[in-house]
Each structure stands twice: as C-alpha cells, then as structure tokens.
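K.L.:
Go ahead and model the full structure; you've got the sequences and the hints to work with.
Using the numbering used here, read the sequence shown as starting at 4 and increasing by one per residue.
Calculated from the structure, these hints are not laboratory results. Values in this document were obtained by computation on a predicted structure and should not be read as measured data. Please note that the accuracy of each hint is not assured.
No more than 25 Å apart at the CA atoms, straight line, and that leaves these computed lysine-lysine pairs for PhoX-like [what the hints assert, rightly or not]:
| no. | residue 1 | residue 2 |
| --- | --- | --- |
| 1 | LYS104 | LYS117 |
| 2 | LYS75 | LYS134 |
| 3 | LYS134 | LYS117 |
| 4 | LYS117 | LYS59 |
| 5 | LYS560 | LYS574 |
| 6 | LYS484 | LYS560 |
| 7 | LYS59 | LYS134 |
| 8 | LYS156 | LYS104 |
| 9 | LYS117 | LYS156 |
| 10 | LYS59 | LYS104 |
| 11 | LYS134 | LYS104 |
| 12 | LYS134 | LYS156 |
| 13 | LYS59 | LYS75 |
| 14 | LYS117 | LYS75 |
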Amino acid sequence: MAQINLINDPLDPTDPTLPDDPFNYIDGTEQSDMLIGTSRIDIISGYGGDDTLEGKREDDLLDGGTGRDQMKGGGGNDTYIVDNTGDTVIEFAGQGFDTVKSSISYTLTANVEKLVLRGNSAINGYGNSLKNIIEGNSASNDIDGGAGDDTMKGGEGNDTYRVDSLDDEVVESYGQGIDTVESSVNGYILANNVENLTLLGSVYSGYGNISSNTILGNSVDNYIDGGLGMDIMIGGEGNDTYFVDYFLIGSPWGDEVVEYAGQGIDTVYLVGSNTGGYVLDDNVENLTLLDSVDRGYGNSLDNTIRGNSASNDINGSLGNDTMMGGAGNDIYQVDSLGDQVIEASGQGTDTVYSSVRDYILTDNVENLTLLGSVYSGYGNNLDNTIKGNNTSNYINPGSGDDIMIGYGGNDIYRVDSLGDQVIEESGEGTTDLVYSSVSGYTLDSNVEKLTLLASIYSGYGNNLDNTIRGNNANNLIEGRKGSDTMVGDGGNDTLIGYGHSSGEYDILTGDFFDSKPGFTDANDGADLFVLGNEDFVFYTGSSHATITDFYGAEGDKFQVHGQQSDYTLDKSVSLGGTTALDTSIYYQGNLIGVVQDTTNVFLNVDFQFVS
Numbered sequence: 004m005a006q007i008n009l010i011n012d013p014l015d016p017t018d019p020t021l022p023d024d025p026f027n028y029i030d031g032t033e034q035s036d037m038l039i040g041t042s043r044i045d046i047i048s049g050y051g052g053d054d055t056l057e058g059k060r061e062d063d064l065l066d067g068g069t070g071r072d073q074m075k076g077g078g079g080n081d082t083y084i085v086d087n088t089g090d091t092v093i094e095f096a097g098q099g100f101d102t103v104k105s106s107i108s109y110t111l112t113a114n115v116e117k118l119v120l121r122g123n124s125a126i127n128g129y130g131n132s133l134k135n136i137i138e139g140n141s142a143s144n145d146i147d148g149g150a151g152d153d154t155m156k157g158g159e160g161n162d163t164y165r166v167d168s169l170d171d172e173v174v175e176s177y178g179q180g181i182d183t184v185e186s187s188v189n190g191y192i193l194a195n196n197v198e199n200l201t202l203l204g205s206v207y208s209g210y211g212n213i214s215s216n217t218i219l220g221n222s223v224d225n226y227i228d229g230g231l232g233m234d235i236m237i238g239g240e241g242n243d244t245y246f247v248d249y250f251l252i253g254s255p256w257g258d259e260v261v262e263y264a265g266q267g268i269d270t271v272y273l274v275g276s277n278t279g280g281y282v283l284d285d286n287v288e289n290l291t292l293l294d295s296v297d298r299g300y301g302n303s304l305d306n307t308i309r310g311n312s313a314s315n316d317i318n319g320s321l322g323n324d325t326m327m328g329g330a331g332n333d334i335y336q337v338d339s340l341g342d343q344v345i346e347a348s349g350q351g352t353d354t355v356y357s358s359v360r361d362y363i364l365t366d367n368v369e370n371l372t373l374l375g376s377v378y379s380g381y382g383n384n385l386d387n388t389i390k391g392n393n394t395s396n397y398i399n400p401g402s403g404d405d406i407m408i409g410y411g412g413n414d415i416y417r418v419d420s421l422g423d424q425v426i427e428e429s430g431e432g433t434t435d436l437v438y439s440s441v442s443g444y445t446l447d448s449n450v451e452k453l454t455l456l457a458s459i460y461s462g463y464g465n466n467l468d469n470t471i472r473g474n475n476a477n478n479l480i481e482g483r484k485g486s487d488t489m490v491g492d493g494g495n496d497t498l499i500g501y502g503h504s505s506g507e508y509d510i511l512t513g514d515f516f517d518s519k520p521g522f523t524d525a526n527d528g529a530d531l532f533v534l535g536n537e538d539f540v541f542y543t544g545s546s547h548a549t550i551t552d553f554y555g556a557e558g559d560k561f562q563v564h565g566q567q568s569d570y571t572l573d574k575s576v577s578l579g580g581t582t583a584l585d586t587s588i589y590y591q592g593n594l595i596g597v598v599q600d601t602t603n604v605f606l607n608v609d610f611q612f613v614s
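P.N.:
What follows is the structure, encoded as structure tokens:
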C-alpha cells in the first residue's frame, strides 16, 4: 500500500506569505492508499483502490473514491463521500456533527449525525440511534431515521418514511411526489405535503393533514382521523374508529372509509359543521354525529347511529338499526320493526317517519308519520301527533292528548282521551271510523263513523251522515245533524236523533240482531228512542227517523216533545224493512218517525211526552 503522509509545520496565521485557500488538499492514487490529514481543514481524496483516509481535528472532507474505503474523520464536523457498499465511516462520540453524502443506499454508522442521498437514483437512507438528519434526492427514497428524534427530508419523488417517535420530523414541499409515512408510534400526525400514512405493528392511532390522505390501519383497534381533505381511511381488522369531516350525499367528493366484511365493529364520528349529510360506507356498523353535523344515514347492516345537540335527521337504512338523537328536534326514518329509536325525556320534539306497518313510537318520541302505503302506526304515552297517508290507515296513538291526521283513504282511529283530536279534510275518505274508549267523545269534522268500545257510555256525531254504534253497556248515542245511523247493541240504550233540518233521515236501532229478520235478543234491553225534547220536535219538514227494532214488551220507549194529543199513529202501510206493516208517527200531521215491521205501538203505553 502506498502511503502519503502530509504533515505541515505549525504556521503563523499572520504570515503574509500564506495562501488565501484555507483548505489542505490530499490526493491519493489509483492504488490502495493511506491518506492522513493535518491540523488544517483537509480535503482528502482516495481515488481508486481500497483506501484508508484519516482526518484530524478540523472540519474535513473525506472521499475514498471507488473501492472499499475506510474513512475516519476525527474531531470536527466532517463530511464523508460514500459510493461503495464496502465503504466504512468511523466516528467516535463527541467528535463533531458529521455528514455522509451517499450515492448508494446507506445506513449511518455510530456517532454520525447526518445523511444526504446524492444523484437521481431510487436509493434509501437509514439512520442510527442519534438524532439524525436524513435528506433524500430527486428519486423515490425510503428513509428511516432509526432511534432518536430524526428529521427526514425526502425531496422530489414518491418517498417513504419510517417514524418511531412523535418527535421525528418529516419535511416535504408542495408537489414533491406522493409520499408515505410508516408509523410505529401512536398518535403520529402527518406533516404538511405528505399524502399517506400506514400504521405498523400494534400501533392504534394516526392522523392526517390538510391534504387528501390515504391512511392504512392494521389488525388492532385503530383510531384514524384523516384531517382536512378528501381522505381514504382503511382500518383493516379490529374495531376501528374513524373521524370524517368532508362529506356530501350525492357527491363523488369526500372522505371514504374502507372496511371489508368481518373486520370488526367499526365506528365513524362525523365532525365539523358540514350539513351535507353522510352515508356510512359498506361494512361499517356505527355512526356518531359530533359538533354541529345534523344528518347521518346508515347502510345495509344493523347500525347504531348517535346524534348530538342539534336537530338531527337520522336514517338507519336497511337492517335493524338503533338510532339515538340526543337533544334537539330529531327526525328518524324507520324501515324495520327491528329498528329502535332511543330518546330521553326532555330531548326536543322528535318525529319518526315510518315505512313499515304497525310501528309503535318508543318512549319520549312525540310524532309519527306513515310513509308511502304504510297502513298502521301506534303512539306512546305522550301527546303524539300521528299523520297517515293516502292509504286507508289505522292509527292508535295510545294514551295522552293526541292529534291524528289521516289524509286520504278510509281511516280508522283509536281515541282514549277527550283531548284527542282527529283531523280529516272534506273529501278525504268516505267512511272514516273512530273507535272510542272514552265517554262523551264527539266526532271531529269530516269523520263519518263512531264505535264505542267495551263499557264506554256515550258518543256524539257531527254534521255528517254518521254511523254510531254502541256496546253492551247502557249507551247514550246522539247523532246530531245529518242523516245518521245509530245502533245501541246490548244494554238499555238512549238513541237521540236530530233531524231538525229538512231532508235528514236517521236510522235508530236499539240492538243490531233484533233488527235482522229471524234474529232476536232477549237481553237487548229497554231502549229509549228520542225524537224530541222539552223545547222542540227533532224532525221537521221532510225529515224523520226510522226505528228498526222497537219492542215495547222489553221496555222500549219513545221520547217526544209536547203531549199525546199532538200525535197520531198510522198502522196501515209498509214503508220499509220487511213486507210487514209499519207504524208511522205523526206530530201535528207531520211525519217524524217510522217504526219498522210492527204495529204494536201505542201512544198511551210506549211514549214519554216532555215539554
């Protein structure tokens, strides 16, 4: 081995004969040289061969050239040029801030602080246990600072960084490729201008930046937040949690969550002030609305969707979903009897839109609307508002003072409180029916029929042609205006006709079966047919009542206005019912009633006169 050993004597820095160049150049040959520096700033070049280069205490530059070179800088902030995988750099602790400039993939040796990748080839750089600075080149580099709080600068190209400390720093400028960080530390936040993040091993959390990021999780329960931008978040296995802030229903732009079947029970949290609405991506089970986000929708799974303090619009979509709105006036879409709506007391005025038959409002939900052709819906113990549709609906609001709106169709309502209100517009159905379980109920406008349930005592009609039916109790039934049909059924019933306007023709039946040919009911009771009161006769002009099942022997009676001399009976004609003769009742020559199929009617026995 040829040895060049340049040793300069100590020089007087004030000597005017010294050259201006502060550097000392030491050049080797094409052979394997040993080149030893001086006390000045040395630039040592080995050229060919497997050289040994040794600097001293100043900031030396050591370039072994081609070959497998060994370079030792000594004290000072030394710079090494590496171009061969056999090159070795030797530094000891405390010997300055040293730099390797490498044109090949390289791992920093101990006690060297900085690595710079040269050229334009796709090479990689790796640090050591120190706090390293690693700089890439214009190609796509793989950079790993190793242990320590490292600074990594990839430059141009699609660079990949490995991060193992929250104090690691990745530096990228705008437009410098599609870059990726592979993180082995929880809570890492992507630096600016870095696009992708991959969580390694058992790392569970990672965060994006303002760019449109792609973040990959792993097999543990990940916590992923893409930050601003249109992010793609892929959790993999485990029960993953995602934060989404960029979304708009019907738009191709926005955050995307990617999960596959069987990859855990996953949750999306919607954040920010976006009101565009969000639909859960496939294979994600749960959704929670945060901040002022107000709309969230599920997928085909059994979703759990939680609202916030805003007035939320929540639709679980397909599946048996659990929906919790929280405070605010929330709206829920229900399409399965397995859907569950959860509201606490005092959390706003909430509404369910139901596309499934027989849905029952859950506790603390106030309103129900039946969609499409859904037939039936039920309330709870609150003061509910239940709206039907153009189908013939069955609406049962439960306890409370409820409002029921049937719209089109022949609707059926259940009423259990005098505070219940049925709303029908004119022409919306022709045979709307109320089943009443409360005494004293009066049919609301534009409702045609009323049936009294169980032992309910009384019920009243409206201005339409009503059909009112009692029960086995002693009923009081009043048809009021219109041509009404009243059936008392069993019990001692009082049936009050009211044909004070011309052209009103009421039909009064004490017991339904006794009005049918071949049927009698010995227990049908003593019924009172009221054709007038103390003030006036109920039927005037062409109006009259038809009594279908009068049986005086069972105690049936007529109540009429005035005195016996005001009335006459005609038993010579058949005006209705069967071919049997009827009894016509006249008040001062005006027909007010027809008793069908019997002439066993007597003014002095069967009539009660009031005035």
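K.L.:
Any hints from earlier that this structure breaks? Give me their numbers in increasing order, please.
P.N.:
Hint check: nothing fails, all pass.
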